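Positions 7 to 157 (the working numbering) are the ones given, in order, by the sequence shown.
Quick caveat, the hints were computed from the structure, so don't treat them as lab data. Hints are supplied without guarantee of correctness; some may be wrong.
[As the list claims (entries may be wrong)] No more than 16 Å apart at the CA atoms, straight line, and that leaves these computed lysine to aspartate or glutamate pairs for EDC-like:
#1 44 to 71
#2 29 to 18
#3 22 to 45
#4 115 to 84
#5 29 to 63
#6 102 to 71
#7 29 to 60
#8 115 to 134
#9 29 to 84
#10 44 to 18
#11 29 to 61
#12 75 to 107
#13 115 to 18
#14 29 to 45
#15 102 to 134
#16 22 to 37
#17 137 to 122
All values reported here derive from a predicted model rather than from experimental measurement.
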Amino acid sequence: MGRGVQGITTREFREKGQRVGFKITDLATGEEGWLARKDSAAGPRVGSYHVVSEDLERIGVGALERASKGPTDIVVVDEIGPMEMTSMSFRNTVSKVLNGDHATVATVKFGSHYPEVDRIREGSMLQEITKDNREEIYRMLIEQIDDWIGL
Numbered sequence: 007m008g009r010g011v012q013g014i015t016t017r018e019f020r021e022k023g024q025r026v027g028f029k030i031t032d033l034a035t036g037e038e039g040w041l042a043r044k045d046s047a048a049g050p051r052v053g054s055y056h057v058v059s060e061d062l063e064r065i066g067v068g069a070l071e072r073a074s075k076g077p078t079d080i081v082v083v084d085e086i087g088p089m090e091m092t093s094m095s096f097r098n099t100v101s102k103v104l105n106g107d108h109a110t111v112a113t114v115k116f117g118s119h120y121p122e123v124d125r126i127r128e129g130s131m132l133q134e135i136t137k138d139n140r141e142e143i144y145r146m147l148i149e150q151i152d153d154w155i156g157l
């Protein structure tokens, strides 16, 4: 195998200790942009944030499209949540990834129900991560990834 990991991650971004938004990163290229910001008036609103649709589609959808078509060992989608799902392009691409042939690790906001996720392929497993089980889930996930890529 040896083709690596592709996909996206999102993380909160803070200035002076205050959360001002969320960043999205393409794991293959390292390109980073805004998923959502508090100080933006453009884009769909989710809570007190506005989604930066241009960055979500350019970075997020672009990374997942490449991952779904290209050679890779694992596709990571972190996360599938209300901000990301404001984009129909993201929804369609996530559906393609989740039902594709690549091993995929995805995080879904707890309590969310999206048709694209509810229809995931046979053989998938769903794990709720809590403070009590997160170390166990981490070990289990590492073992599963090792099996997928033949380590």
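Right, here's what the structure says about each hint:
{"no.": "1", "hint": "44 to 71", "result": "28 Å, violated"}
{"no.": "2", "hint": "29 to 18", "result": "6 Å, holds"}
{"no.": "3", "hint": "22 to 45", "result": "15 Å, holds"}
{"no.": "4", "hint": "115 to 84", "result": "10 Å, holds"}
{"no.": "5", "hint": "29 to 63", "result": "13 Å, holds"}
{"no.": "6", "hint": "102 to 71", "result": "9 Å, holds"}
{"no.": "7", "hint": "29 to 60", "result": "13 Å, holds"}
{"no.": "8", "hint": "115 to 134", "result": "10 Å, holds"}
{"no.": "9", "hint": "29 to 84", "result": "11 Å, holds"}
{"no.": "10", "hint": "44 to 18", "result": "12 Å, holds"}
{"no.": "11", "hint": "29 to 61", "result": "9 Å, holds"}
{"no.": "12", "hint": "75 to 107", "result": "10 Å, holds"}
{"no.": "13", "hint": "115 to 18", "result": "14 Å, holds"}
{"no.": "14", "hint": "29 to 45", "result": "14 Å, holds"}
{"no.": "15", "hint": "102 to 134", "result": "23 Å, violated"}
{"no.": "16", "hint": "22 to 37", "result": "24 Å, violated"}
{"no.": "17", "hint": "137 to 122", "result": "27 Å, violated"}
Hint violations for this structure: numbers 1, 15, 16, 17, all remaining hints satisfied.
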